[in-house]
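Line order of the protein sequences matches chains E and S. With the numbering used here, letter number 340 in the first sequence gets 335, and the count goes up by one each step, no holes. With positions in the second sequence counted from 1, the corresponding number in the numbering used here is that position plus 759.
One thing to keep in mind: the hints can contain errors.
What the hints assert, rightly or not - Some chain S residues close to chain E (C-beta under 10 Å, calculated; not the full set):
no.: 1; residue: Gln985
no.: 2; residue: Ile997
no.: 3; residue: Ser1079
no.: 4; residue: Pro1080
If you are wondering where the hints come from, they were derived from the structure by calculation, not from laboratory data. Backbone N, C-alpha and C define an ideal beta-carbon position, used for all residues, glycine too.
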Amino acid sequence: PEETVTSSFASFIQAVQPEHLSKTVRHRSKRMILDSIGVGLVGSTTHVFDIALQYCRELYCSVAVSSVYGKPGVKLSPTLAAFTNGVATHSMDFDDTWHPATHPSGAVLPAILAASQMLPPNTKPNGMDFLLAFNVGLEVQGRLMHFSTEAQDIPKRFHPPSVVGTMGSAAATAKLLSLSMAQCTHALGIAASLAGAPMANAATQAKPLHIGNAARLGFEAALLAARGMEANPLILDEIPGCSGFSAFYSVYQPKPLSTPSDHHEFLLEKQDIAFKRFPAHLGMHWVVDAALSVRNLLMNYAGSFSPSLIRTIVLKIPVSKYINRPFPSSEHQARHSFQFNACAALLDGEVGLSSFTESSIHRQELRELLDKVVVEHPEDNAANFDKMYGEVALLLHSGDVLTGKCDTFYGHWRKPLSKESLLKKFRSNASHVLPEEKIETIIAMVDNLENLSDSSQL
Amino acid sequence: TITGNFANVIHGLNANHLTDQVIQRSKRMILDTLGVGLLGTGTEVCHKVTQYSKIYSSDVSSTIWGHLDFRLPPLYAAFVNGVAVHSMDFDDTWHPATHPSGAVLPAVIALSEAFPQKKKTSGLDLLLAFNVGIEVQGRLLRFSSEARNIPKRFHPPTVVGTMGSAAACAKLLALDRLKCKNALAIAASYAGAPLANAATQTKPLHVGNAAKHGLEAACLASQGLQGNKQILDMESGIGAFYTDYNPQTLPTLQSYPWLLDQQDVAIKRFPAHLGTHWVADAACSVRRKLVESSDNFLPLDKIEKVILKVPEVKYVNRPSPTSEHEARHSFQFVACSALLDGSMSVQSFASANVHRPALRELLHKTQLEHPPDNTPSFESLYCEVSITLRDGSTISDRCDTFYGHWRKPLKKEDLEKKFQSNASSVLPAEAIEGILESVYNLENIEDCSVL
């Protein structure tokens, strides 16, 4: 039978083995796993998480075998645990970002964690299986995004995690459950019918649901496929007159995956991930680093930071409607506001978890600074996480101009977080809900993941 | 905003707004949907999702239509029943195109069963919520000119059906305006499945998921979750599913003009894609002519060619279907099947019938033509069947409006007959009579869980 794009994906998912994971890929993916868990743990303290958990507990109980981040003793059914943990991971927009743009780990990790707890004791996947499944989930997401040039830029129509994340979760779970090739094909097909959420809910409390649902629904698709449910075996291919996965893009050029022979190159090998240093949209990180550098200049100039010296603040940023908010009124909006993040950085000298609390958002001094902000969209500033930059210029009353520019923020894939910084982020996040020894245990386990005999311990 | 306006209407509509015609039509839809769902619980796809959903069970629970032996949490009951309704492609179709009832009824019934003892829903509440769900779907479909034609990209029940289910559940839960808005916003993030899974076993899940996710959105909104308050206004909201999107506000609540009043639904007479119903009527009529002119028997071997003039709809163009799902989405299959048997029924799609040699032979002789005046819209399409015999003569007939279409609605007896035939696959006669009575008298029932 002719090789279709869809079947090449199914082949890959089914046939890829741990040996195919290169050292770089293993290393990078373990960093992602650690960061994702930490972000999920701190996310379990949010309001949106409470709602999701409450909802799941009220409606379901039985076969409660899967754990929930930050709530020892609470168990849910596997897909709901995946949902809840996915919501936790994205609740503060603190999770990793890739290029082309999506949040890959949050859609995959909760699903395979829950799935591994679901399997009977004698068939538990070991650490290597787990790491492999995780990477399958990432790889599928990355490959799908390469099918459309639209995916290269910051999204406008559909929120990528809800499109490719669902597919990645289905692929990863299918791998973990060792589904046959036909079942893998159908898992992808069923997942496509569960994918796709519009961008408009970004910057609202509902956005974390996108990742929660990607994890949960991809997982469900794999479970349904495991029970024999069938879908369109050409879901990823071009089907004239009747859209498959192409429905989510206006330009779509699918390409088959090479079968994993000895030299399959995972995308993660060539393209690393960005980890966030504070919980806000990735675009914010450029302006914050630029703002911090210009703040230093101002302090050198004037001896201390005095906002009264500033007449106007000019932000040079790419065009992207959903992160351009002059006066955010909620934490969700604040996390998606160039203006807010720049001013918070200028005022406080740093941006962290506490920058987004209600009281912090509505501070008088901050509002005063926000009033002075003017936004410009230079033509050379592309709305693309690989190419964009952030520039903050302070026009002082004295007539002097101080500028700070950031091309690559610390944490971006071109300037990755050091091991110490990553661990610091994890420890800080996890300490909101876990005691120190547990924290250290998790760090050790993830570091040594390939050698773990039972990944459900995680 | 339009979103706010929708929330206002969902919140503000009450039983007094329902007109007689709307009540009558919607009760017909409810009856048909129940029958189709009961029948559907016997399908393979339904067995699979039931097995799957049994993973979850809980204290709060709802029933699977026709099966009182176990219960599922409301979400999964809505899911399973929604799948049942669409499992054979036997459920109603509207214009602009979608399957409105299957996305809404399972959700509102499951929800009404889940209420605590002291807060029963009346038949009228159910009827109102049902109609809110239908109305919202119809209004959303009018926001894009793409929706007027048979779909190509996203399967409409997954886009508007999810929103309709959320609206209906929000109504039944009596959510305030703000929460109605959020229910719509959250539901949008669950909407949208690509058309490619039509004609596969996964298609019924589209309706099941629409019902389930709409219900979930309403429940999450009820718990306080918030989404984008302009979800219907923005291009990056529900507009994401269309290439041209022009939302409009709803009419005021004063003597509210329901869409169901102006535009009825089509009810299917046999379980296949709506487009095939024109083909079946034309084919049956040609067969009659042929049989009359040949001493009352069907001269199969004398048939040289069968030509079907149909609109261009790729996913219903299947010259040689191999599964029941494909057969239900094949102009060619339905034409040949109708020519052979003189009528179409549930049985026409049984595996043995799909693979009959006589049928396969006839399929080989069948071709499609797409006249430019035959537009792919359920409002205007037609079908012409023309048979060329070996001696060169041709017999043909044309169908513009099949029996069951909104221009030629099923009579009450025939609607009941369909229901009885469907329901009898799982229910005893008295239960069937009981449901018929309850639905007919729905507005006056105090406690709709008797349903």
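Hints, one by one, checked against the model:
Annotation: interface hint on Gln985 of chain S holds; nearest CB of chain E at approximately 4 Å, less than 10 Å. The interface hint given for Ile997 of chain S holds, since its Cβ lies 7 Å from the closest Cβ of chain E, which is under the 10 Å cut-off. Against a cut-off of 10 Å between C-beta atoms, the interface hint on Ser1079 of chain S is violated, since the closest Cβ of chain E lies about 16 Å away. This hint is violated: Pro1080 of chain S has a C-beta 14 Å from the nearest C-beta of chain E, more than the 10 Å allowed.
When held up to the earlier numbered hints, the structure conflicts with 3, 4 and fits the remainder.
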